[in-house]
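Chains as they are written, first to last, in this note's numbering: chain D, 1 to 296; chain X, 1 to 296; chain S, 1 to 296; chain G, 1 to 296.
Hints were generated in silico from the structure; no laboratory data involved. For glycine and all other residues, C-beta sits at the position ideal for the given N, C-alpha and C. Treat the hints with caution; some may be incorrect.
Distance ranges between label pairs, derived from CB positions [stated by the list, open to error]:
hint	chain 1	residue 1	chain 2	residue 2	range
1	X	S114	D	R93	48 to 56 Å
2	G	G72	S	L294	42 to 50 Å
3	S	S114	X	A265	22 to 30 Å
4	G	G181	S	G99	54 to 62 Å
5	S	R183	D	D147	34 to 42 Å
6	D	A296	G	G99	38 to 46 Å
Protein chains: 4
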Amino acid sequence: VSRLRGIVPYLVSPVDQPSGAVRERVLADLIEHLIAGGVHGLSPLGSTGEFASLTAAQRRDVVRVVVEAANGRVPVVPGVAAAATHDAIGQAREYVALGADAIVLILQPYFRLSAAEAAAYFEEVAAAVDCPIVVYTNPPLLGYDLDLDTVERLSRVPTIRYLKDASPNTGRLLSVTTRMGGRLDVFSASAHVPLLVFELGGVGWMAGPACVAPAECVALYDHFRAGRREEAWALQRRLWRLNELFQRYTLAACVKCALELQGFAVGDPIRPQAPLGEAARGEIRAALAALHLLPA
Amino acid sequence: VSRLRGIVPYLVSPVDQPSGAVRERVLADLIEHLIAGGVHGLSPLGSTGEFASLTAAQRRDVVRVVVEAANGRVPVVPGVAAAATHDAIGQAREYVALGADAIVLILQPYFRLSAAEAAAYFEEVAAAVDCPIVVYTNPPLLGYDLDLDTVERLSRVPTIRYLKDASPNTGRLLSVTTRMGGRLDVFSASAHVPLLVFELGGVGWMAGPACVAPAECVALYDHFRAGRREEAWALQRRLWRLNELFQRYTLAACVKCALELQGFAVGDPIRPQAPLGEAARGEIRAALAALHLLPA
Amino acid sequence: VSRLRGIVPYLVSPVDQPSGAVRERVLADLIEHLIAGGVHGLSPLGSTGEFASLTAAQRRDVVRVVVEAANGRVPVVPGVAAAATHDAIGQAREYVALGADAIVLILQPYFRLSAAEAAAYFEEVAAAVDCPIVVYTNPPLLGYDLDLDTVERLSRVPTIRYLKDASPNTGRLLSVTTRMGGRLDVFSASAHVPLLVFELGGVGWMAGPACVAPAECVALYDHFRAGRREEAWALQRRLWRLNELFQRYTLAACVKCALELQGFAVGDPIRPQAPLGEAARGEIRAALAALHLLPA
Amino acid sequence: VSRLRGIVPYLVSPVDQPSGAVRERVLADLIEHLIAGGVHGLSPLGSTGEFASLTAAQRRDVVRVVVEAANGRVPVVPGVAAAATHDAIGQAREYVALGADAIVLILQPYFRLSAAEAAAYFEEVAAAVDCPIVVYTNPPLLGYDLDLDTVERLSRVPTIRYLKDASPNTGRLLSVTTRMGGRLDVFSASAHVPLLVFELGGVGWMAGPACVAPAECVALYDHFRAGRREEAWALQRRLWRLNELFQRYTLAACVKCALELQGFAVGDPIRPQAPLGEAARGEIRAALAALHLLPA
């Protein structure tokens, strides 16, 4: 992969329950649809992909299916999430061997870590594999944050080239682009307003909503790059309703619900996570309808 | 006041210690300097103004001095902060009687409140005074947030016209401007990137940094309004260093330190808050020097 | 006061709304009832007393009424709560002048404080008044905790003789009694099981439930001191239902509700805090009935 | 296993790094030592056992080694921790097949769960295996708590017989023993004072300190059961120093450090967790020396 850019949807992980078998056909169909929508990459095993609810074997299956379905047309950037360095290295090597182009590296600590311990995790995994790395931070869900000095230290590792920060703190992205813009590119998350992240130098958007509205997300990115500010803002305001809903309810349940409504049999969130209730489904259906994202 | 707009610095509260006497001359001099810098309003008794550390008598003194020094040239918008409705009503009436043009209404609960209880606070204070009201929310420091439905409910109160949200969650401001833009204007706080808040429809910036760099903050606002995007972004990136420092250290200590370095004898933060240490002072001095904000 | 010991109920603050007038007669009647129940002291202006919802004048009125009603029969130990040292010193001197025998010293910070800043608050207030001091800590509601080294430092101030820790962390009390038992006596709060706190050396119980069940709390204390372990445990288990309810719902609302049910016209919690709903009132009524704490 | 009772040390997981191989000999030696110390059970794969840092294969190895080493002399109760129901069921069945006598069931959610979703996790795992289950809750580390009504619901599942609550909230244990004492036995954790938990009906102590001081923990339990209250309290106060240290520093790092000082080559905590620094090691050495827990 030369450079990650643009719209990179976080993929859901469709699995049969209780057997746990990955629904390979459904996942491949979804990927075909996303690539047809113009997305610039694919990221399985993010939060939206319920990585924490999958066994090692399921994670492997998901990456294999995504790489095969993408078939080199767009880069595949799976999440690697672990509490332990050795576990992350094992996953990263496996996914690269399966054909991943880069990884989103997630530290999911159990005990509280110092900044130096957290930095060591990212550095040691980066030293053990050869691919480009997206450092992922998510204070609300992961319970820690990398301070700016640690991010700057990581930005000096040659293969650590991207930051995906899932907090709603947009100012932090301005700090990153201002202090280390030459070395670390930032992606917007679904907690951010992507158009604002583009304004301050962000290179793309990695998030669940792009799984549901791929062509619209690509259009937003294209409007921005072409300087069509009014069109961009009009589209951003319309798309924002999805972000609001996805933040109000549980992310994976929302994206799976929306995809089911669009005709992809991705199934329920993984138990004990429950499917959305009727009221939430109704809100998502209405939001999709307003965006003309439901099948005719 | 017709409409609050533009750069409204949060003022520090300069007090002698341990006597507690407000340094009236220092405060008046600072206000003269800020008005000369072009600011569009003045807001005493915000977080920067250490409202929580002042007695009722000190708060009153601060408002009186600011109203007298402003002398009608710009609106004065003091903070009203309380845990109890009756306390807030008492303060609000007093400040209006002293000449305040509007108030920033802060709920500082001790026990956990329901959304309905929080809404009742704002509604009952609004019903008891006649002036325009800025609703203030600050989840990190106040420990609660108003959900969007509650904000929408408050936006239907005629005198509740503004929202100042001190969280770093910029997407929330997009939700507010999209859902209730006609009824509620949003101001940027120092946790936000103000230029991005202007982009999504924000009408101004109420924050501590404007106390230290008034002309530069006004220039940022003017650049944006005149469509000078490049100048705006260049200035925003240079100014952002102040926001970073003010978020890293304690806000009031930072602004007081910066003003002392600029020659305003505003004194120390109110005890037990300690003055900044030497390292932090050095960082602030360097940031001010880089912005040419130190006296020759 | 020689030594604080035993059952010290936190008093509610009965006030007319919206006027804010303290209901002096109701408060005096309640105190008469509590003293008749055998309590060993009285503590106005704690959390139960809604200190954060009272103006300075109301707080003063409450202390004056309690001192007059107690009339020297038991010590009066009002809460002194402030964000600023000078404010706490002012309150403490005023309450001592009104006849308080000791104070419960509460730090209610707005900005985050270092351990040294927090310690300075307690030390400077202790230096400014002459009376014995109960250091109050409450991590869940006040948002900070004093680490053990800071507590030990405070224990060396001669007038700092007691600790009231409102967290549910009983082990912390064992640490305090083991490390500084000779210098600092600990009181149980309503988050603790008081009988267990007595076991590990606690000298009494300062909490809201004693306002509602004074004689029963005194009996618990007496059973323990007399070595009647079975009676103590049986009573503790029965009383615990009150603690459970008071922790589930908002403390002041619960105690005021219970006292109203017992015939004391203490009124509603201070707005915007709402009175308990019907379900919660029913649970409190049932708990009081089971303890034979309702009037015939 | 008839009934779990008494002192059940949480075992560390000694692994070579970076290979990840379980040090089987070291683990077997430690178990021999613990059984010689009189412990009543063994619990691998708790927090102390760094479950979150182990792959599925490593977890399996640990359980196998512990079952073999215990050889039926005491029950083996491994932790089963997962975000997903199917993952927990897989682990539980595997450990039972390996010879586990019961399991400690841990829900480690990624997304926020409702009470009903959390309850479903425990109920579905209980329905899928046949062994007795210890429900584990740990609000500080796991980020959620089971409310009492949910605990009561779980207590009605026949194989859910025990609760291990790792919060410091002792009052919660009184609520559990009072409301559902006949159906759910509680164990003390290291955040609790075990002697107090015994007082209120707790049936034992599952925690890391017992790994380091097995005979002393057994003596504490025996003193309590024999009614030797003074000896029990004297020993409890001496042992408490270990709990204090284990709470101040990271649990697994502390227990591994202490065992290394005692001559068990359990190695370092699993990376990126760093070994304790020199100061912390010194404190632990001193605490062990004071308890005569260092080899001569």
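Consistency of the hints with the structure:
Take S114/X and R93/D: their Cβ atoms lie about 51 Å apart, and the range 48 to 56 Å holds. Our hint of 42 to 50 Å for G72/G and L294/S is violated, since their Cβ atoms are close to 57 Å apart. Separation of S114/S from A265/X is about 25 Å and conforms to the stated range, judged on CB atoms against 22 to 30 Å. Separated by about 47 Å at the C-beta atoms, G181/G and G99/S break the suggested range of 54 to 62 Å.
Checked against the hint of 34 to 42 Å, the pair R183/S and D147/D passes, with Cβ atoms roughly 38 Å apart. The supplied range of 38 to 46 Å is broken by A296/D and G99/G, whose beta-carbon atoms lie about 58 Å from each other.
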